[in-house]
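Chemist: Let the sequences and hints guide you as you build the complete structure.
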Amino acid sequence: MSEQHSSKEQTEQMRNDKEDGGYEEEEFDILDLPPRKDVHEGRKEKTSWKVNAIWMRFLFVVLLILIIVMLSFPYWDVWFGQTFPKPGFIEESPYHEHITVER
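To get the working numbering, take the position in the sequence shown, counting from 1, and add 1.
Take these hints with a grain of salt, some might be off.
As the list claims (entries may be wrong) - Label-pair distances were calculated between CB atoms; the ranges are:
| # | residue 1 | residue 2 | range |
| --- | --- | --- | --- |
| 1 | Ala54 | Asn17 | 50 to 56 Å |
| 2 | Met71 | Tyr96 | 30 to 36 Å |
| 3 | Glu13 | Pro36 | 41 to 47 Å |
To be clear, the hints were calculated from the coordinates, so they are not data collected in a lab. A virtual CB, placed ideally from N, CA and C, is assigned to each residue, including glycine.
Modeler: Pasting the structure below:
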């Protein structure tokens, strides 16, 4: 009830101020404005990135896990029981068959 009462009072106060000339619009002279170059010249600051401590920890853990995985890759054959084939001689299988025609 008090919220409605206060909003009505505010509305009436704004109407009174408008009638009294409290909310007059100012007219701007467009030709009097400074050039765009002068206004934006001072804004050559670099954008600073703020990295939260939680993200830093997350990135550190991910980097640490990647390093551990890369360093332990040669030992995976021993740990998982020779599941990866050893690189050896690989025969090249042609995609076509050679046919000779005799007359």
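Chemist: Against the range 41 to 47 Å, how does the distance between the Cβ atoms of Glu13 and Pro36 compare: consistent or not?
Modeler: Check passed, 45 Å falls within 41 to 47 Å.
Chemist: Between Ala54 and Asn17, does the beta-carbon spacing fit 50 to 56 Å?
Modeler: 53 Å, holds
Chemist: Given the hint of 30 to 36 Å, check if Met71 and Tyr96 actually sit that far apart at their C-beta atoms.
Modeler: Given about 35 Å between the Cβ atoms, the range holds.
The earlier numbered hints are all upheld by this structure, with none contradicted.
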